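Letter by letter, the chains look like this.
Number of protein chains: 2
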Amino acid sequence: MPLSQLHFRQNDVGVNDEGMRDLRFDIELVEAQQQLIQAVNTLEREWVPLEEARGRVVAEEVTARHDLPPSRQAAVDGFAVSDEKVLGVKFRLLEANVSPGLMLGAGEACTVVTGGLVPENTRTVIPHENAEVVDGYVAFSREVKLGENLKSAGEDLRGGTVIATPGAQVDSGLISVMAAFGYHQIPVYRRPRVGILSLGQGIIPWQNEPLPHQVRDSNSPLLKSLVESDGGMAAAVEIAGEERSSLNRRVTEMLGKIDLLIITGGTHAGEYDEARQLLDNIGAEMLFWGVKIRPGGHPGAALWDSRLIICLSGNPGACMVGYHVLAAPVVRYLQGLPPFIPHIKAEVTNSFNKAGGPRRFLRAHAEIHGNTWKVEVLPGQKSSMLRSYINCNALIDLPAGHPPLEAGSEVSVILLNLAHSAIYPRRKEQTTGGDPGNVRLPGDHQPV
Amino acid sequence: MPLSQLHFRQNDVGVNDEGMRDLRFDIELVEAQQQLIQAVNTLEREWVPLEEARGRVVAEEVTARHDLPPSRQAAVDGFAVSDEKVLGVKFRLLEANVSPGLMLGAGEACTVVTGGLVPENTRTVIPHENAEVVDGYVAFSREVKLGENLKSAGEDLRGGTVIATPGAQVDSGLISVMAAFGYHQIPVYRRPRVGILSLGQGIIPWQNEPLPHQVRDSNSPLLKSLVESDGGMAAAVEIAGEERSSLNRRVTEMLGKIDLLIITGGTHAGEYDEARQLLDNIGAEMLFWGVKIRPGGHPGAALWDSRLIICLSGNPGACMVGYHVLAAPVVRYLQGLPPFIPHIKAEVTNSFNKAGGPRRFLRAHAEIHGNTWKVEVLPGQKSSMLRSYINCNALIDLPAGHPPLEAGSEVSVILLNLAHSAIYPRRKEQTTGGDPGNVRLPGDHQPV
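So the sequences go chain by chain: A and B.
Residues 1 to 448 (our numbering) are what the first sequence spells out, left to right.
Residues 1 to 448 (our numbering) are what the second sequence spells out, left to right.
Do not rely on the hints blindly, as some may be mistaken.
Which stretches of chain B does chain A cover? Using the computed rule of at least three CB atoms under 8 Å from a CB of chain A, they are [unchecked claim]:
1) 84-94
2) 112-124
3) 146-158
4) 278-291
5) 344-353
6) 356-370
From chain A, some residues computed to sit far from chain B (all C-beta separations above 12 Å) [unchecked claim]:
7) E129
8) D135
9) Y137
10) P187
11) A236
12) M254
13) I344
14) E347
15) F352
16) A400
17) P404
18) E410
It should be emphasised that the hints constitute simulated quantities derived from the structure, not laboratory data.
Values in this document were obtained by computation on a predicted structure and should not be read as measured data.
The beta carbon of each residue, even a glycine, is placed where N, CA and C say it ideally should be.
Full structure from sequences and hints, please.
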């Protein structure tokens, strides 16, 4: 719905004069998150080289190609024998490598290696440390049991066993297991290409020296790094700059090569709202404008030719919080991950005096001590402040109308740097993907 | 000390016939870890571009270059006025940008932007949503307070404030704060260059199709990925292969271009021990051989021209555990991180029947539920098995002589994928670096 057909209203009511997607003003965060996820699809699948796949998200079930081990094998480096009694016997050492079909005669031994084939009638494998080789014969220093140091075919993994399900994040262990089956590539979801546009007035590239009326763009490097740490690619990073006449063209060009655009700055309400003006100019369909969170400014979202645009405040505190609660879920969902991070409980170690107002997110530092999470409210909580970025690895999530926070109380926390595998209950079924506007968000995709 | 001068002994006693570094056999893990860390130095410092520094470790204190904001600024986009009373007044809107020295007259207002300069005598800034502009005049819809929406110079960060200390890992927030001060580069420790050598018999590149007596090398891709996820670079990955005559030369060439060599395979005890033979052939000085852990095989360590060599079992389970408890601390320490990861407490959700023996590490899956860690012993705990790699994100650390593990009991756990910032208590002072052989390991560098 074009902006020009709308009147700005400070309420919750959707506007749907033309049967189009409801545009809502000043909505609850949960509703905003749900709208964002419903507006996008998990990206298409692609095959990537196995050793470059760490952190990517598995898009198709991967199974064991064959039994592992594929046949009976030695579990240690040593000697295979078929005899029942070995102590006090001198075994003749065969010189050949083990080949399929080889049988040991009584009183014969042959050298075998860990993970290597053993003669078909091997009874046991005796490690080197219990053996002494002299002149082509080998003697053993202890008696052995049937099957000792032997691995049966498929004892580790049976052929056909599922070793990765869609939605699993590729880690070093999976890479190793897939390498053991000779998989050269792995099917994963494409990484989202994210554009970042700094729209604020007087914002200059952070590499430049600002004049008195200018401010270095610290939001773009923040968002670029966050997008990358969340598995996305910062495919285009731009600053609107002084020359605004070409802005519409530059933004539509940018949108042509990305999956998600994050705009920072220019999101204050009212007639000077540059972000909304820009969205209107390029013909984007607005989803919502204003979310009841603090810090927040006036975050909004729109669709342009199926690309999602998320507008965040230019104030650093609000930009960071807005990224984590609105943009990061989309970055995760696009690549096949559950969008929303389950909260943890933690004990807050200091106090925070403000109270009331909408749902509030405090930049915080979380640490685990034994089995307890402790979280500290960082200094510099004003929306304009960068100071709270230092050591920030968590957000404390305070409900609307919360009382002042007292040291020692339990709070709900979003950890920002915890591996997905540790924070999501393990999933048994695929839950990613879905049709926009018709997606049923399964259990672990519900906003929290 | 060359291997040839030593006799293999199954005890704890160091050998120091020539006043050289003690070589110890079958030592406790804590002693092995301490020896490894004492044998290396944190690597030299280098400057890297700010936007490429995420995950790197800060090597020099970084301070705020100036006050932030550098001067008094607007906290919102809106209008600056110097008058005390604004409601019911029509202010003449100045057209010029704010420049240093600008003063507002009574009844005058000027447009200001978030983070931008304000006229010197600004009393307050009124946001756009409380303003209406008509014909070069602006009127405001509410009264304001002194200093509202104004940021004083240095209110966020005072010039000279420390924003990063040596040992801090660079995250998105620090990148943003440093960008705000126009730092183009950041001083960090060099990333360790790690070589990986698969020494086992019959081991072939995992990309190839194995013959019956051959096994795909699943250890190299595991170690490569683990090294990279721990911040190192897998600078050389080799397989000893069938052609062993050139092996000594190949290994010394490899050592010439790396900081740490991890050898996997060929570490069983006794006269056939290829790894020890190789170390002897190239003239490496042995540090220890055999560590009392399970799974473990016979891990060992040596020094060659100040490069550390760590030998791990070729059995997958032992290779993974050996990496995490012996090699990963070195990879971390070389780049300026605390080497040892504090353990957490978790409730184990299933049982494990084996008991006794040396200190034992179980491959496990840890998850956080609210404020409780739960950990599951993964299937496939045999040293030879890869199956336990699937979903492995933790090691359960059982003490020597432990009883069978019962579901519901509390265990000590090493989390493998948790961000450093969440697992180390925040450090107030530099603790990295030091002289090998004479290093005092500070509190958080003690093996645990």
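Here is what the structure says about each hint:
no., hint, result
1, 84-94, "violated (count 0)"
2, 112-124, "holds (count 5)"
3, 146-158, "holds (count 4)"
4, 278-291, "violated (count 0)"
5, 344-353, "holds (count 3)"
6, 356-370, "holds (count 6)"
7, E129, "violated (4 Å)"
8, D135, "holds (15 Å)"
9, Y137, "holds (15 Å)"
10, P187, "holds (17 Å)"
11, A236, "holds (14 Å)"
12, M254, "holds (19 Å)"
13, I344, "violated (6 Å)"
14, E347, "violated (8 Å)"
15, F352, "holds (18 Å)"
16, A400, "holds (21 Å)"
17, P404, "holds (22 Å)"
18, E410, "violated (8 Å)"
Comparing the model with each earlier hint shows violations of hints 1, 4, 7, 13, 14, 18; every other hint is respected.
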